[in-house]
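Undergrad: Chains P and Y are the protein sequences, given in the same order.
Each position in the first sequence, counted from 1, maps to that position plus 19 in this note's numbering.
Each position in the second sequence, counted from 1, maps to that position plus 2 in this note's numbering.
For the record, the hints were derived by calculation from the structure and aren't laboratory data.
Since the structure is predicted, the reported quantities are computational estimates derived from the model, not experimental observations.
Positions of the beta carbon are idealized from the N, C-alpha and C atoms, including for glycine.
Under 8 Å between C-beta atoms, here's a sample of chain P residues computed to sit facing chain Y:
no. : residue
1   : P42
2   : Q225
3   : V226
4   : V229
5   : R236
6   : D237
7   : F239
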Amino acid sequence: MRAVLVILADLLRGDTQADRVVPPTGFTARLTLFAAAAMTFLAVFALALSLATGRLAHNWSTELARSATLRISTSQDQVAAQTAAALQVLQTTEGVASARALSEAEQQALLEPWFGPDVPIADLPVPQLIEIIETRKGYDAEGLRLRLAAEVPGAVLDDHTRWRRPLVRAASRIRAMGLLSLGLIGGIMAAMITLAAHSALAANAQVIAVLRLVGARDDFIARAFVRRFTLRAISGAILGLALGLGGILLLPSAQPEGGFLTGLGFQGWGWIWPFLLPLLAGAVAFWATRRAARRILRGLA
Amino acid sequence: MIELDNLAYSYGGGELLSEISLRLAPGSFHFLTGPSGAGKTTFLKLCYGALIPTAGRAMLFGQDVRELGRDDVALLRRRIGVVHQDCQFLDHLPLAENIALPLMVSGRDVAAEAQNLDDLIAWCGLSHRRNALPPELSGGERQRAALARAVIMSPEVILADEPTGNVDWEMSQRLLQLLVELNRMGKTVMIATHDLSLIRAAKSQVQTRVLRIANRRLQLAGADL
Numbered sequence: 020m021r022a023v024l025v026i027l028a029d030l031l032r033g034d035t036q037a038d039r040v041v042p043p044t045g046f047t048a049r050l051t052l053f054a055a056a057a058m059t060f061l062a063v064f065a066l067a068l069s070l071a072t073g074r075l076a077h078n079w080s081t082e083l084a085r086s087a088t089l090r091i092s093t094s095q096d097q098v099a100a101q102t103a104a105a106l107q108v109l110q111t112t113e114g115v116a117s118a119r120a121l122s123e124a125e126q127q128a129l130l131e132p133w134f135g136p137d138v139p140i141a142d143l144p145v146p147q148l149i150e151i152i153e154t155r156k157g158y159d160a161e162g163l164r165l166r167l168a169a170e171v172p173g174a175v176l177d178d179h180t181r182w183r184r185p186l187v188r189a190a191s192r193i194r195a196m197g198l199l200s201l202g203l204i205g206g207i208m209a210a211m212i213t214l215a216a217h218s219a220l221a222a223n224a225q226v227i228a229v230l231r232l233v234g235a236r237d238d239f240i241a242r243a244f245v246r247r248f249t250l251r252a253i254s255g256a257i258l259g260l261a262l263g264l265g266g267i268l269l270l271p272s273a274q275p276e277g278g279f280l281t282g283l284g285f286q287g288w289g290w291i292w293p294f295l296l297p298l299l300a301g302a303v304a305f306w307a308t309r310r311a312a313r314r315i316l317r318g319l320a
Numbered sequence: 003m004i005e006l007d008n009l010a011y012s013y014g015g016g017e018l019l020s021e022i023s024l025r026l027a028p029g030s031f032h033f034l035t036g037p038s039g040a041g042k043t044t045f046l047k048l049c050y051g052a053l054i055p056t057a058g059r060a061m062l063f064g065q066d067v068r069e070l071g072r073d074d075v076a077l078l079r080r081r082i083g084v085v086h087q088d089c090q091f092l093d094h095l096p097l098a099e100n101i102a103l104p105l106m107v108s109g110r111d112v113a114a115e116a117q118n119l120d121d122l123i124a125w126c127g128l129s130h131r132r133n134a135l136p137p138e139l140s141g142g143e144r145q146r147a148a149l150a151r152a153v154i155m156s157p158e159v160i161l162a163d164e165p166t167g168n169v170d171w172e173m174s175q176r177l178l179q180l181l182v183e184l185n186r187m188g189k190t191v192m193i194a195t196h197d198l199s200l201i202r203a204a205k206s207q208v209q210t211r212v213l214r215i216a217n218r219r220l221q222l223a224g225a226d227l
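Next comes chain Y alone, as it looks inside the complex (with noise of 0.2 Å):
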């Protein structure tokens, strides 16, 4: 789904990424770790097509990153659910919009999937909030409701980028949770953090992968963790 062959991404001074060759599997669970500033959220842009990569090879879904038209990254983002960092939404929008946001985009009719909707609202624990205004929620809703907006179109492909980093233990718990029951369902994900114990609770549910970027390297860490 995702392969990157070989692919370098510099900014205007040195190299960030160099030598990064890898495979997205379909229905793989992989976290992404290594300090901060080597590149995590780098690497995930590179992977939904947010940047292009100043050197090698990134084919998503089988395409050329370099050849995609702005309307096919659009396209693309449909079938690549992003969770940022520092989740943004539409602040003059209620959530339970804001989580039907890729629905609309995309035309579909957001009144037939109103029971999806609903559905997913109540899965992330969000029903009691869903008329609330973004700017009103907590931290921990804020993520969740991330996260419900990146599944809504059911995508093949998740990626998290630090979701649980403003969050307290209980509700990262929570969150890896729902990535962990996404991830049962077939879905693709990938999690980029620095929280170590986070990794080691996955690693009870699910088989994962950890890759870690160090000294501008894609590196799959040993099993230790």
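Chain P with its partners taken away, still in its complex shape (with noise of 0.2 Å):
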């Protein structure tokens, strides 16, 4: 990474006289221009996806992983003894950092949304919720539900790994197609600069030959035509990151309720990542430039 910039900024302070050798050419600009905006575009939501995803499966799997719900449904008048019975058992479990009965507010929270706000809980036979947050060692789900079964015959102990599995992992697949997709955006943009690479210099034989002619060498035909890529690609790529942060900011923003799909973005640090692709796409048009004019070169007399 250090060397890739190291060239860049040679690129960037460059030999703007020895530039202009290269005519400038009309199409193959605009096509290398076109191709690092929207190849940047799409991947600054291939990034968001991926980072996107990536909490989420993080989230899921170390938050839930340190909770569990008790709940307890006997008939009312047994409610509270077998609640205060559970707790006392939580409370001498190892492996539990801490056990605490639902308020009646609470559960109806958790209800609400099902049930509509008016719907009086209380006269509704609704099981007592107890929330259970582990330790980081965690503790021994079968243990508990055997002394569970022994001293609160109403009390079901749900660990969340059954539902919280397969969405961790569809999360983690998630993102590594995003990443897949970033991957296959820049093997796309180098194809498509290596093609107007080629077709740059094909158009440009006759200004290659008269600089050979009077001893120029390879290196600095290839540089002119590599430093004009390369600098084509990143103002496109600046270009495609400003359309893409700006399609990506008027997105809904998150909401508790909302699910995953409202928090697409980014977040914290995850804002670092859109800001190197132009880089990456300076870099990657550089590469692909400097082979292509390289074999075209040393193809000619």
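Build the complex: two chains, separate frames, hints provided.
TA: Quick look at the structure:
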């Protein structure tokens, strides 16, 4: 990365005089600019998707992994006694950091999305929920179940792994897809810039012949092309980045009940990544053009 | 400087040149003549490393052409000024920049050589055209510009392929004058031409040797020319 930066800095400083030996060409310039802008625009979204799902997978597997729920379903007169017994058991269980019975108001808030705000929960046979927070080491779920079965017959332990695992797996897959898309986008950009460079070199065969005749080395000729394509790719990528970030900012912001789709975007340090894209586009253009130029020049007399 | 030793060159089909031996001494003035298609241009290309002999040996400044890499050939071209038959320029750059092109590609500071460049352009009678683009120039102006470009690096050898091909008699006299002047400054000159009156005109001003390509061989032409 450091070596690339040095080369890029060298390119940017460049030899503007030597740059002029290659005539400005219309359509390859526009093609490179467009390809870089479009690919960076797509890359911004692929990156946002990867980061968001990565974040999601991480949250699901850490926060949820450390909590579990105990549900106490029994006749109304038994609830208070069994809750107290369950809490007693949990407090003496190794690996449980804390256990807390949810208040009536909290239970109502949980049910509200399904039943609406006006349902009198107190009159319904709603089971009592106990929230369990694990320690880092975790507890032995099977051992706890056996103890509860003996002492609190109405208790059902739900340690969330059952439905958490497929979600985490899905999130990781989506993230892998996002990263794969980023790789493909980079590859396509390299391919398009290689084609554009080939066409520019072919269109300038006479220029190259004249330069060779007056004693120009291949490196000098290649540099003139490479510099131009790299700068074009970087400016195109900056344009695509601006449009992509604009699109991301226009997305509705994340809502607690909105699920993960509205959480698409960048957070905290994640904002650095999209700004690396123009640099990456420049590096891709640099290597693609240099390879193309060297290969073509070697084949000339 | 340029030594050809029993050199031969053949294109896909037959042999174009064979058994060619020549030593180009510093400061000499050579004409190369022969019928069209005899291989004058090919011969010159062998002399500046654009073609590799199919047999024999070509030594340029003590280096065997076969052992030169692409970069070595580029460095060699800075010591050999070439004027092509069809002078090609960078059509998007003005004349002055085209003439300064060899300085630019060899990494020399063009600004520092501005005075030399101006003198050279004036010497070739192109001062009034210095900002013109190459396609706007006449045939004679192009030939003179190509000559100016060939000598700006102060090369030791100047190879000119039909430098008077597209110009009238008066202009060809001026071009010859430029080449004779360069030879008097110590440059080795070789001019390929089929214009015998040009050779006669040169003989009155400078000691020349005339080489003739005939029947694939290089011969020293008689004094009768």
